[in-house]
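Protein chains in written order, with our numbering: chain H, 413 to 771; chain L, 413 to 771.
Incorrect hints may appear among the rest.
For chains that are exact copies, the list does not tell them apart, and a pair is met inside one copy or across any two.
[Said to hold, decoys possible] Pairs of lysine-lysine residues, derived as DSSO-like cross-links and limited to a Cα-Cα distance of at most 30 Å, are as follows:
(1) K558 with K542
(2) K682 with K593
(3) K459 with K558
(4) K682 with K558
(5) K682 with K438
(6) K542 with K682
(7) K468 with K593
(8) K459 with K593
In case anyone wonders, no lab produced these hints; they're calculated from the structure.
Protein chains: 2
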Amino acid sequence: MSQEKPVRVAIFGLGLIGGSLGLALKAAGAANVEVIGCDIDGTVLRKARQRGAIDKGEAHPIRAVREANLVVLATPISVLREVMAEIAPGLPEGCVVTDTASTKEGPMLWARDTLPPAVSFIGGHPMAGKEEAGIEAADAGLFQDKAYCVCPPADAPEAAINTVLWLAQTIGARPLFVEAKEHDQYAAAISHLPMVISYALFSLVRASPAWQDIAPLAASGFRDMTRLASGDPQMAFDICLSNREAVLHWLERLSAEIDRYRSLISAGEKPLFETFIRAQLDREVFLAMPPGTRPQSAPGQRVEDVPNLQESVVSFFAGRGSVERWRRLASLGSRSKPQQEGREKDGDQRDPGPHSGRR
Amino acid sequence: MSQEKPVRVAIFGLGLIGGSLGLALKAAGAANVEVIGCDIDGTVLRKARQRGAIDKGEAHPIRAVREANLVVLATPISVLREVMAEIAPGLPEGCVVTDTASTKEGPMLWARDTLPPAVSFIGGHPMAGKEEAGIEAADAGLFQDKAYCVCPPADAPEAAINTVLWLAQTIGARPLFVEAKEHDQYAAAISHLPMVISYALFSLVRASPAWQDIAPLAASGFRDMTRLASGDPQMAFDICLSNREAVLHWLERLSAEIDRYRSLISAGEKPLFETFIRAQLDREVFLAMPPGTRPQSAPGQRVEDVPNLQESVVSFFAGRGSVERWRRLASLGSRSKPQQEGREKDGDQRDPGPHSGRR
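Use the sequences and the hints to build the structure in full.
Here you go:
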């Protein structure tokens, strides 16, 4: 979509996502983009206007989509189908409709069933968020450098796809094409599973009779690991219903993984240590070279198939002292078991020299 | 301990914790405190000196404790018993020894078995950390306002306890008395369980054959929930071994809690929604009024026993719009099920008026 002629964008739902979209659009190309906001709550529309997230608030859905080039549905997924049905009669011919819901199979089906053939629906999901909800928490930088999943139906016109790519790029995000079914599986693993685990961890520890004594010991670890439990409960509920099978699948797999860790911890041997080191190294690679930013591998070859990944990683981080750390950890790991036993039995130290390590 | 006369503190292990302790001590009372550092690694001693974490580096343990008033053992717990045995012959009479290990039952026993009767051991555990390890990551502010668990044996002299309280307060932490056995249970719940879950979540998703496609979708949720898996693998291993029973106990309980969530999600009814709301409200209370900072309840009465907690919470957050949010969520929750079904069956909207919500 050319930025030369003004683009009219209608955003439905001016919470965290819709409000941030409006702010980011206005910040990026104010002169060429006119943003119309529609929300069930008049106060929210006023606040969105005051914050500069929208040029104009419109309470009525049909009036809100009038002459719109692009309609962004950022409502809770639980009302998404209804909103589609409501705006359907008023959508201009050639208009592009997209959404921001956390799952994509449902919205794609609902769009096919409710929207007129003269408009194009392209599923969308910006992979960004924070625990605060509402227009007050909206932030023009929320999408900066974040992935923005784009799910075009098989028959989507290229111009419609480009419109949603334009939206993603204008707000600073990295558009990523993904098929709806795969999106829902991937999002379950990387987003919905962590969310449910965050709730489960918090509610478990909170339910302890010793909570009043446990809680004062909480440091950043517990706070970070339960942060997602402070998100919008309505969204958590909607996600679990709209992506139920995938969420249940990943919860089952995590239970199995926890069982694996329980066995490793029960045994308390080198494989536990190797599991921790492996995870730490893999996460360093993930943070330093997230997939998608790496040089393309040969077809069929994955980065993890490259021989000597471990050495590569160690070399890569050499400048940060990891080689030394790795060597130290590896040597500690290999002698950890005899050491563990030795400490209990062996009062007579074989090496009486300086022997303090460090954490 | 009076700050009028100089205090000689020997810190063993100048990694993140030992290094930060030195920096915090020097920052708080440089003139009155002399810090001697001892580490297995000469490079670390030099860096600690350059960073101002210690006044003097000493490679030999016996020389390091000479004339020390307070000895802080900040080595990995896996070498703690050895270090105690090494310094035992050189400890001055009346000297106080403390540690910073993540568990307390083991160190208390080892101290009783290895240290001479003329010195006092008081267990310690500052509840602070970050994923970076080593002297490079040391930070004078690491302990600011953090809990610092203090575990005196039953027969500890008051002066020895006061020395460790002085240490905790000088570095800006909040000392908290806790019995060693309870400490290990509580730390398992609030610190070791989240750590293991962080590893399990990362290694599970990382092991997926679709990882290369899943990872680009990762947003702050996945990163935060797996942050602890970037911690020191040696420490993770040591914690799991030294607090094995408690960690296994809490992992088992979390598995049961995950099963409960799986049932709730399978059913997809109001109890799931209530569980999410309950957790979110409880976490808001936890963040706003963490236990220990609240006005004292009447004896035997816990804060959660106060009638109408829910209303209190809602009123407490009224200024931040939570009353409105709560009402909206509650009403959405109660109609969520019929809505879910209705959406699928009912093409004919009963309420054709403005109907967009917001996330």
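Hint check results:
1. In this assembly of identical chains, the alpha carbons of K558 and K542 lie at most 30 Å apart whether taken from the same copy (13 Å) or from different copies (24 Å).
2. Taking the shortest Cα distances, K682 and K593 sit within 30 Å of each other only across copies (27 Å), while inside one copy they are farther apart (39 Å).
3. Taking the shortest alpha-carbon separations for K459 and K558, only the intra-copy value of 26 Å comes in at or below 30 Å, while the best inter-copy value is 37 Å.
4. Taking identical chains as interchangeable, the C-alpha atoms of K682 and K558 are never at most 30 Å apart, the minima being 38 Å within one chain and 33 Å between chains.
5. Taking the closest pair of Cα atoms, K682 and K438 never come within 30 Å of each other, the shortest separation being 55 Å inside a single copy and 39 Å across copies.
6. When the C-alpha separation of K542 and K682 is checked against a cutoff of 30 Å, the pair qualifies only between copies, where the shortest distance is 24 Å, while the shortest distance within a copy is 38 Å.
7. In this assembly of identical chains, the alpha carbons of K468 and K593 never lie at most 30 Å apart, being 36 Å within a copy and 62 Å across copies at closest.
8. Within a single copy, K459 and K593 get their C-alpha atoms no closer than 36 Å, and across copies no closer than 53 Å, so neither meets the 30 Å cut-off.
When the structure is compared with the earlier hints, violations turn up for hints 4, 5, 7 and 8 and for no others.
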